[in-house]
Structures are given as C-alpha cells and as structure tokens.
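There are 2 protein chains.
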Amino acid sequence: MTTTTRQATRRMSLLDTAFVNVETRDTPMHIGGLQIFSLPPNAPPDFVKNIVRRFRNTAKVGRPFNMKLEKTLWARIAPSMIVVDDDRIDLSYHVRHSALPDPGGERELGELVSHLHSQLLDRSRPLWTCHVIEGLQNNRFAIYSKMHHALADGISAMRLSARALSTEPDGEWFPAWEHREPTHKRKRTHDQARTVAAKLTAREWPQIMKQAFQPMFKREPGSESVLRPFEAPPSILNGEVTCARRVATQQLDMERMKRVAKAAGGSLNDVFLAVCSSALRRHLQSQNALPDRSLIAGVPVSLREAGDDSMSNAIGFLWAALGTELSDPKERFAAIRASMEVSKNHLKSLPQQARIAFTLLTSMPTALVLMSGLGAKVRPPMNLTISNVPGPEHILYLNGAKLEATFPISIPVQGQALNITCVSYAGQLNVGFTGSRDSLPGLQKMAVYAGEALTELETVFGVIPA
Amino acid sequence: MTTTTRQATRRMSLLDTAFVNVETRDTPMHIGGLQIFSLPPNAPPDFVKNIVRRFRNTAKVGRPFNMKLEKTLWARIAPSMIVVDDDRIDLSYHVRHSALPDPGGERELGELVSHLHSQLLDRSRPLWTCHVIEGLQNNRFAIYSKMHHALADGISAMRLSARALSTEPDGEWFPAWEHREPTHKRKRTHDQARTVAAKLTAREWPQIMKQAFQPMFKREPGSESVLRPFEAPPSILNGEVTCARRVATQQLDMERMKRVAKAAGGSLNDVFLAVCSSALRRHLQSQNALPDRSLIAGVPVSLREAGDDSMSNAIGFLWAALGTELSDPKERFAAIRASMEVSKNHLKSLPQQARIAFTLLTSMPTALVLMSGLGAKVRPPMNLTISNVPGPEHILYLNGAKLEATFPISIPVQGQALNITCVSYAGQLNVGFTGSRDSLPGLQKMAVYAGEALTELETVFGVIPA
Chain A
1 MTTTTRQATR RMSLLDTAFV NVETRDTPMH IGGLQIFSLP PNAPPDFVKN IVRRFRNTAK
61 VGRPFNMKLE KTLWARIAPS MIVVDDDRID LSYHVRHSAL PDPGGERELG ELVSHLHSQL
121 LDRSRPLWTC HVIEGLQNNR FAIYSKMHHA LADGISAMRL SARALSTEPD GEWFPAWEHR
181 EPTHKRKRTH DQARTVAAKL TAREWPQIMK QAFQPMFKRE PGSESVLRPF EAPPSILNGE
241 VTCARRVATQ QLDMERMKRV AKAAGGSLND VFLAVCSSAL RRHLQSQNAL PDRSLIAGVP
301 VSLREAGDDS MSNAIGFLWA ALGTELSDPK ERFAAIRASM EVSKNHLKSL PQQARIAFTL
361 LTSMPTALVL MSGLGAKVRP PMNLTISNVP GPEHILYLNG AKLEATFPIS IPVQGQALNI
421 TCVSYAGQLN VGFTGSRDSL PGLQKMAVYA GEALTELETV FGVIPA
Chain B
1 MTTTTRQATR RMSLLDTAFV NVETRDTPMH IGGLQIFSLP PNAPPDFVKN IVRRFRNTAK
61 VGRPFNMKLE KTLWARIAPS MIVVDDDRID LSYHVRHSAL PDPGGERELG ELVSHLHSQL
121 LDRSRPLWTC HVIEGLQNNR FAIYSKMHHA LADGISAMRL SARALSTEPD GEWFPAWEHR
181 EPTHKRKRTH DQARTVAAKL TAREWPQIMK QAFQPMFKRE PGSESVLRPF EAPPSILNGE
241 VTCARRVATQ QLDMERMKRV AKAAGGSLND VFLAVCSSAL RRHLQSQNAL PDRSLIAGVP
301 VSLREAGDDS MSNAIGFLWA ALGTELSDPK ERFAAIRASM EVSKNHLKSL PQQARIAFTL
361 LTSMPTALVL MSGLGAKVRP PMNLTISNVP GPEHILYLNG AKLEATFPIS IPVQGQALNI
421 TCVSYAGQLN VGFTGSRDSL PGLQKMAVYA GEALTELETV FGVIPA
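Chains as they are written, first to last, in the UniProt record's numbering: chain A, 1 to 466; chain B, 1 to 466.
In short, the hints are calculated from the structure, not lab data.
One copy or any two copies: either way a pair holds, since identical chains are not told apart in the list.
Simulated crosslink set (SDA-like; lysine to any residue; CA at most 20 Å straight-line): (1) 330 <-> 451; (2) 49 <-> 104; (3) 49 <-> 107; (4) 71 <-> 438; (5) 344 <-> 334; (6) 258 <-> 341; (7) 445 <-> 92; (8) 445 <-> 90; (9) 71 <-> 244; (10) 402 <-> 164; (11) 71 <-> 89; (12) 49 <-> 137; (13) 71 <-> 25; (14) 71 <-> 239; (15) 71 <-> 22; (16) 49 <-> 102; (17) 445 <-> 93; (18) 348 <-> 338; (19) 60 <-> 87.
Okay, chain A solo, but in the shape it has when bound (with noise of 0.2 Å):
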C-alpha cells in the first residue's frame, strides 16, 4: 500500500474535501443508485455470476474509481486523494455477489439495499462498491453500486453507470469501472457549479458567500413570499440522524405527469413537488405529526422558461413551500406553483456568480450540515431535499439484459432525515427515497402514497375521469 508515487496524488477542492470532514458514523457520505434488470429470454443459470466474473475482470481501473483517501496525518486536516495501482484494487473486495431470500420480492430487495446503504465505505480503498443481486422475483436480478460523494455528484454518477451500458440489446456493456480512451470532448456544461466551487479558492468564498445571502436577508417591499433559510416549520423529519438507513422507490410515468402539468399550468416539477407533496402529507398525518404551516422543500431546479418541460440540470437552489397544510389538492398544486415561481424570479434577480455559489452551499447535504450548525439540535434550514437528476433517454442493457429502472439513493443529514431524488429513464421517473431508520419507520408507505397522489391530480385536474 506503500508503493504510489507522489504524482498520483491530487489535491481535493474545497468541497470535497467537506464532504470527507463532515463524515460520521451516523452520517455515512456516499450516493448510491439501485438498477433492476430483467433476465433476457433464455439466460443461463450463470447469467448473473458471469457479469460479477466479468465485473471482477477488469483490465485496468479507470478514474475515479482508483481513487482512494491519502492516509498522512497532513491529509487529515487536508485531505487529499490518490490514485491507487491497478494491482492493488481488489476487485474482489469492490465487486459483491449478493443474493436475496426467499420469495425474493421488492420487500426483500429493500431490506437488503437499506442495510447495504447504511454501511460506511473501507477509508483505506477507492471509494466504492458494486452488488450484483440475485433472486429477484419475476427473472430479475438489481445491482446497488454506492461511491463516496467527494468522488462524484449524482449526476456524474448516473452518467458513469449508464455509459457502461448499451443502447442495443446485443450492443458492447463493460464495468462502469473499466479505464476507456474518452471517444471525443463532452460538453462540461452539465456541472457547472461543481466546476465553478472546484476553482474556487478559500479566500475568494467569504465575498462570494456575502453577495449571495445578504439580499437573502434583506427584506424588500414586495418580497414578502420569498421563503428564506429556517423559516420551516419543525417536524419529525428534522431529527436526529442515525446510521441506519431506509429505502423506498416508486416508478411515475412522465406522460400521465406531463397531461397533469399541461392541464394544471405547471411544470413536468410542479408536479413532481406536487406528488411528494401529497405523499408527505400523508405519512405525517398517519404519525399525527403534519405541522400546521406547509414544510419546506429545497429544490434543486432549472431556470428555463415556463412550458419547458425538460428534467434538465439544476443550475439554481430554491426554497418553496409544498403546501402540506393544505387538504384541496388543487390548492395545494396551486401553493407550490406559486411558491416555485416566486422563488425563481427572487434567485434570477441574484448576479450570476452569487447565483453559482448560493446553489453551491444550498444544494449539498455539506452544506446542509453547516447551514444547520448542531444538526438536529435548531431549527431546520428546510424540512427535506427533492431533487431531479437528468438520467438516459432511451432504453438500456447490460449483456442483453433490459434496464427496467434505476433510483437514486442518497443522504440523509443531521436535522434532514429524508431525502427524495428522482430520475428519469425512458418515459419513467425513477423516485428513490432515502430515509433515516428511526424517523421514517412508514417509508415504504410513503412511495405507496406517491403513485397514489400521481392519480388523484388526474382526477382533480380533469386528465382521467373522476
């Protein structure tokens, strides 16, 4: 392990660097993102033990997944990352064959990708691992790949897993792993904060931090319904963290939620929020735990026009009121709308690079750490994240077999013990919600609610029949 030379080593931005400090035992800082497959027709028995064999056989590692911490008692107040020989990734170790028990169905897969979830990565070995599941219902099998934010945002990730796939059947998969000679220039358009807060320097943050939060905390005429940090309400989702999490997942269909929007006059969002909003409304009133004012949602979104309905990439942070105190859904859906658009025009009248580094410090769960100081112990910041990240077009495989869905499972914080992500994949939103143990015993519940609360704003909205 003594063996890397000095020119593997790189220094760590500013944020990632946070996001290896603010780790705890209770709060775990890596992203993960479950897939579930169908078995092509006729696959042999050793179908899934020949993607982990092949999984296990790769040549050569690619960047970041050779990427591990420096371990020097420097790098413990800076920490640094290095990249580790290909002879020393353990692939064995990185690769897991996992299996569920009988009858193997959505409950089982479940428990299994809540505990995988709740486990701390190995500090000493690059920052991931991949379980290949096998014995789900219906000739299924899922993979749970998690890998340490400081390595990579959500969206980087989902774009690393979903490159490694094919858009043909038969077409070539490889490990997401596996070193490739980039085929031509990506635009880096897709990460423009993470870019921009990567430049950044320590000095230059305080003045971009105050161009940023002091209109916030000027109250001009007229901005009255502009909502501000630690104006939600207190709730049991703004308790403490612990270590062990829970996971749920619920697939909407983006055409029955585009006719929702359409009919509403909203946003492909809107009606995103609208759903979690119902959703969360629900699961607080069966806890008699719903606040009287609504919660608050920070949303990652895109500033383009009304109309647009596109999940392109978040490039502002708002706050916006979900309405939950509202029982009309239509009220509600009007709430939120309103909340969203009051919101953007307020973050649309920031100059630019303000803009940037407001959604920076208000869109990652570091921030969220700092922003709430001692955690669960003041008043929340927002009651929960819901965000979107774009995800694949077009129908995917691995080896033939069909990718039928992928969620998103991220991280709870201290005082944020929900977080609701989604992506969309072929037609599909693909919603994962991840929860903190002991505060969201109804999870489960919760994703139930979701696909309920997607029918019920067809009905009020006229789309289907009543």
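Using the hints provided, position chain B relative to the given structure of chain A.
Just chain B now, kept in the frame of chain A:
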C-alpha cells in the same frame, strides 16, 4: 429515544470502556459467532423464515441485548450503558434475513460472513445483530451473530447462544436475546479475570500492573528461555489493519487430537498450537515471508496440570514460541511444548492477583492495542493470539435443526492482523481464523493447511501408519 430513565444507566468497567474507546473504523471491537445447522428431515420450505419470524417476535429482551451506549457529551469520555425499553428495540433491524448466491457453498458463506464481520455496529442501538442465512448447500442454513466486546466476552457470548438451543431435537428453544427468569444460580468461576477486572478501580490498576510486569522485565538466572513481550520477529501478520475482514474455518476431531497428544507426550492445547504452527509456517513460506526466528503467539491457557486434556477456561496468558522456523514437525512440537512449560511455570510463580492482572492486561484486544502503542508502527509484542473457548459438550438443536458446527470469529487489532480462536463442541474443535483482508489473502488456504497438519502429526507420531 429520549424516554429512557436515569435509573437504567449502568456505569461501565474500565475494561469495557476501553473496548468502546479504542474502536475505530479500521478496528471494530465486536466478536462474532457462526453457527451451521442442518435442516431437519421434511423441513417445510419456510423453515428458515419461521425462525426469523420467531427471532423478531421476542416479547421481552434480556440483558445484555437491551443495552446501548449512552449518548451524552460526558459519555464520550466515560462511556456508560443504558437499558433500552422493549418498545424501542427494533428487532427487525437486529435480526436480518440473508441469503447466499448460487451455489451456496462454504466459499459464498465465507464471503458473506467476512463482509458482515467487517461492519461497525450501530451505536444508537443495542450493540448486536443476528443474521439468519439461507441457501447453504446440502440442506443447511447458518446463523452469524455479532456483539460488541463491551457487552460480552467470547465465553459469555458462547454461553448466551448455547443456552437458547435445546439438547433434544424436539426440545424448547428461544431467541438468545429473549429474557428468561434464571432457573438456578450459576457458578461464576468461568469468568474470573473479567469479574476481577470489573471490580478494580482506576486507582488500583497501577499497583497491580507493577506487581504483574516487574518480574517479567527482570532477567533472573535460569529464566533465559522465558519469552517476554516484544521478542516476536516482525512479520506480515503485524502490519496495518484496515476495516475489511477475511474469515476462514476448520473443524478438527478432538479424539484424533487426543491420540496425538498422548503419543507425543503433550496436552490437547499443545497439539492445537502445533496444528496452527504448521499452517502458519506453510502460509508464510508460500508468501516468501517466513521469519528466521519463531513466531510468538499469545496463548490464554488453563493452568491445570499436564495430562488434563479438558479445554477449560483460560486463567493465564502466555507467550509461546511456535517453532515456525523448524521444518521437522516433531522438533516443532517439542519446541512448542518446552516453551509452554517454561511459560506456565513462570506464570505460576507470580502472586495470584498479579497473575490475574497480567492475564487481563495481555489477553484482551484492548490491551494489545495499548501495548503495541502505535499499532503497526512498532515492534509487535507478539505475532498473533491463539485462544480456545470451551463450548457445549453435547449436540444442540434449534427447532429440530441440528447444530453441526459453531465457529468463533474474533478481533484483529492494529499490528495483529490475525486471530485464531477455537471452540470445542460435541467432540470437534471448531476453529475460526479472523484476519485483516489485505494482510491475509490466503486465509482460506491456511485453514486447509490446519486440517492437513493434524494428519501430518498423526503420521509422524505413529498414531496412523505413514
């Protein structure tokens, strides 16, 4: 989580406190056990699931399974335990239902158990988990359990799990954590060292330590051959320990071992050490890493007279030369026997209280950490620990399923990447090898070598024809 009353708080002993305080991400301080069961004839398909169900339906949880660490600022310095009310114990978290991927052999079981043993326990809950594992070849299933060393030592944990099984196929069984009214007072002799330790105050330790260690560091005439701490040669067993574990197992027939002991003129424990020595020698040779001088094992031993073959409770702790530098098995056996004899006599010469303190300070992983100072960075006080734990003498059953084997899984610490522990059960010695993954890539082979070493000893001592 805040309803627990003050009365339920229990001050921890200095020793148990140490187990909590020395724990790091790389060196979890939990002990484990792996039980292998054969399914009873005509077991229904949901036999294992019904066990999981019964395990989760425990009306009242008994000590120490209802104890968790108190989470106050003061408790970070001086940890204490609190009793968790039954309605706060989430048994569906503590009891897990797992499965092995096809073909469900010892290899797949070993991989799963290795990963489970690598993971830290959740400090916000009672410090144990139990994993019921289905899908083991040849109509078997397994149970892997783990518990923090601050709650119980190996002997106590073994007794807790054995008492929950029945001695008849149709006898009563219950979850090990279920509260039972004590039927009769047990004699407390089995845990003398720990009991004494629990009573010692911080003020008494320095005097006891002086009594115990001063004689060790005075070289007296005629005591040249007594091994002392830090005489062990550097070896690959004494490098850095990281959090991933590797677990391997072996069963040795105790009748065969007794015949060798008789023919060779030693104890059963001498034979066990000779088996370990041979396995270690072959493993290190295969890695071109066999030290010129003998490996030194820390061995908790009974101080009973020679000829007494019982694997009874360790009440002394010795440094034993394993003779790994010798190629002849007979010479190796003689070296081990001689070294053990000298060490036993030396230990017997200490005053009783000093002997107990000495045992305590040297036999526990905590002590190893403290003694080794900077862990992997200093000369090892010994190369590894080899212990035996007395287990059940008669066949045990769980709902009619026969317990085929029960393996102890122990704790490597910084600078001590390997632990070998055995448990006697119904005429077999069940040996668990627990290693740090990176230090011991060939651990499974070492377990195989141990089996072959017994045959070699039978041959050289004429128990079976060459």
